[in-house]
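Start from the sequences, fold in the hints, and give me the full structure.
If you're matching them up, the sequences are chains P and U in order.
By our numbering, the letter at position 140 of the first sequence is numbered 140, and the numbering carries on one by one without gaps.
By our numbering, the letter at position 137 of the second sequence is numbered 137, and the numbering carries on one by one without gaps.
Among the hints, erroneous ones may be present.
Distance windows between CB atoms, simulated [said to hold, decoys possible]:
#1 A83/P - D69/U: 48 to 56 Å
#2 R69/P - Q147/U: 55 to 63 Å
#3 L197/U - R70/P: 39 to 47 Å
In silico contact screen, one side only, chain U against chain P (beta carbon under 10 Å); selected entries [stated by the list, open to error]:
#4 Q94
#5 T110
#6 R160
#7 G250
Simulated from the structure, these hints should not be mistaken for lab results.
Beta carbons: idealized from backbone N, C-alpha and C, even for Gly.
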Amino acid sequence: MIGPPLAQDGFLRERGGDSCVADNGFCPQWIADNFDRYVDPFFEHVYLTVVPVAIGFLIALAMGLLAHRRRALIGPLNGFTTALYTIPSPAMLLLLLPVTGRGNTTALVALTAYTQVIIFRNVINGLSNVPAEMVDAAAGMGMTGRQRLFRVEVPLALPEILAGVRIAAATTVGLAAFAYLAGAGGLGAQIDAQITFKSNVVVAGGLATLLAAALDLGVLGVQRALTPWRRAAVG
Amino acid sequence: MGGPAHSSAETLTFRDATKHYPGSPTPAVDGLSLEVPAGEICVLVGPSGCGKTTAMRMVNRMIDITSGDILLGDRSVKDRKPAELRREIGYVIQQIGLFPHRTIADNVATVPKLLGWDKKRITSRVDELLELVGLAPHEMRSRFPAQLSGGQRQRVGVARALAVDPSVMLMDEPFGAIDPINRERLQNEFLRLQAELRKTIVFVTHDIDEAIKMGDRIAIMQEGGRLAQYAPPAELLMSPASEFVEDFVGADRALKRLALQRVRDIDLWTAPTCRVGDSTDEVRRRIADADIDIPLLVDEHGHPIGWLSERGLTGERVREELRSRAEPTVDLDDILRDALSDLLAADTLYGPVVDAQGRLAGVLSMQVISSALTITDPGNVPAPADLAS
Ligand SMILES: Nc1ncnc2c1ncn2[C@@H]1O[C@H](COP(=O)(O)OP(=O)(O)OP(=O)(O)O)[C@@H](O)[C@H]1O
Ligand SMILES: [Mg+2]
Chain P
1 MIGPPLAQDG FLRERGGDSC VADNGFCPQW IADNFDRYVD PFFEHVYLTV
51 VPVAIGFLIA LAMGLLAHRR RALIGPLNGF TTALYTIPSP AMLLLLLPVT
101 GRGNTTALVA LTAYTQVIIF RNVINGLSNV PAEMVDAAAG MGMTGRQRLF
151 RVEVPLALPE ILAGVRIAAA TTVGLAAFAY LAGAGGLGAQ IDAQITFKSN
201 VVVAGGLATL LAAALDLGVL GVQRALTPWR RAAVG
Chain U
1 MGGPAHSSAE TLTFRDATKH YPGSPTPAVD GLSLEVPAGE ICVLVGPSGC
51 GKTTAMRMVN RMIDITSGDI LLGDRSVKDR KPAELRREIG YVIQQIGLFP
101 HRTIADNVAT VPKLLGWDKK RITSRVDELL ELVGLAPHEM RSRFPAQLSG
151 GQRQRVGVAR ALAVDPSVML MDEPFGAIDP INRERLQNEF LRLQAELRKT
201 IVFVTHDIDE AIKMGDRIAI MQEGGRLAQY APPAELLMSP ASEFVEDFVG
251 ADRALKRLAL QRVRDIDLWT APTCRVGDST DEVRRRIADA DIDIPLLVDE
301 HGHPIGWLSE RGLTGERVRE ELRSRAEPTV DLDDILRDAL SDLLAADTLY
351 GPVVDAQGRL AGVLSMQVIS SALTITDPGN VPAPADLAS
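Dropping the structure here:
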């Protein structure tokens, strides 16, 4: 992380003279008193996660649908999205700084880039795993290529596509903690500000975990609503 | 009614149709020529890999014809847009191929939706079709395929293929994945349906018994996609055109013919009948004139009661003294195979035959059955000129 902890002077004084706080311990009272300072960073974090995953989903889905029809594109697009993913996050942010400047835009671009490999692969795998007989049946009924894609292939690939979105969401919650390096907000700045203070780390980390869980449940809910037939198969 | 007016069935003609898959040394279907008359079922049968599916899928252009042609009515399928053509041809896919993510109603509505029918018309057509194939619409409509038994899925597959009342249906081993008892039921139901609908149907199977049962005509194909024989079932069993066909229909082809004939189709024996109280002299005269010398006692309605014993004829009038009851009785509408099986099971040589009202119509005997097997009925055998096709 950058620089030495800012803690020593300003924050420490702010915390008051509580001995638990002075020991950098886990202090419920302090948490209760200071909870409001986490509200804004939390919602920034939500924004920094939901927007990249949503935009990333649309881009990766479009690329996936294209590559599914022009299969020669699968290799290059796979390579490209994998390459994006392997750039370490600080490096990615630093690379983007000259282009997009400090702030949310840089963070959003970087985080969106990271979602690509996961979602793209799941789109491609999901579509490839649709049984050939289903596509054949659709053609045999007289569906055109586009009708087959949107009425049969995509719906059947949906569970796998949305599984990719869930992984991407969880990953993005974690990566968004670095967004502050690019001058964006989020819980990352809070954690870094007092990284040795247990109460702070627990609250900020806890909120991030909660966000990841909530997003996961949210996407899962969407998935269940969109694929009632899968439950029918079981029960 | 939501359905369209019944479209009239069309004749389907294969004209030297050939499919050569690229990279394969021999054609999968080699110069297939045959005509399926409008409203008839043509069964394509043959060993695995002989080109049945390929031949069938050339009809709706799921596979492109390499050379030759296929005509629907008098139009070549090659002049049609594939997607349009396929919506006009009912297709029951090998392993059924229902869409697992769509409800039963939506599955059945697949083609009507592609054709842009309005909602009300679709709903009423779906219900009509489900009822037609023996499924309760209110119960089935909103289920998913995974919630149905194999037999029910099969019916939905047929309903889907019938959705826009196509003039031609293609059915690829539609009953292949179903247990024997249910298969028999579905076959019977389908034949009943077809008697009403009169579609032109190409039906693929590799089961010769199913072919004999379902087909108005059977095309036996052999390795290399060649047509070995094209004929109605009885003719195929009576006079196989080659050793291959003879082997394929099986050494029991004479027995299989029993499945094609009904009791009413053959000349039954007459039995001397009598009622209680008839004059025994009169009965003795009847015995002399009849095919069997055992009198059969019937009641006042003509229902058979049993075979009379000698003691029943000792007095002046017939008394009810039976040597055995009239069991089993055989229905005029039974197929010969089942009737024979009944006789064998009861360990008897004769079985009284009754009509729909239960009245005696004659007597079936082992000899009658065996002569039905050995005599080649000239009325049933087409002239040799018809054999070549
Ligand atoms: N897409 C394809 N490409 C190349 N060869 C094929 C293709 N489809 C089928 N064949 C070959 O063509 C021949 C006929 O196949 P087809 O599927 O028509 O047989 P079938 O009579 O329906 O067999 P089964 O009873 O097993 O379903 C086989 O030798 C098969 O291997
Ligand atoms: Mg086949």
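These are the hints, each one checked on the structure:
1. A83/P - D69/U: 48 to 56 Å: Distance hint for A83/P, D69/U holds at roughly 53 Å.
2. R69/P - Q147/U: 55 to 63 Å: Because 33 Å falls outside the window, the suggested range is violated.
3. L197/U - R70/P: 39 to 47 Å: holds, 43 Å
4. Q94: holds, 8 Å
5. T110: holds, 5 Å
6. R160: Where the cut-off is 10 Å and the nearest Cβ of chain P is about 8 Å from R160/U, the hint holds.
7. G250: Nearest chain P Cβ about 31 Å off; hint violated.
Of the numbered hints listed earlier, those contradicted by the structure are 2 and 7.
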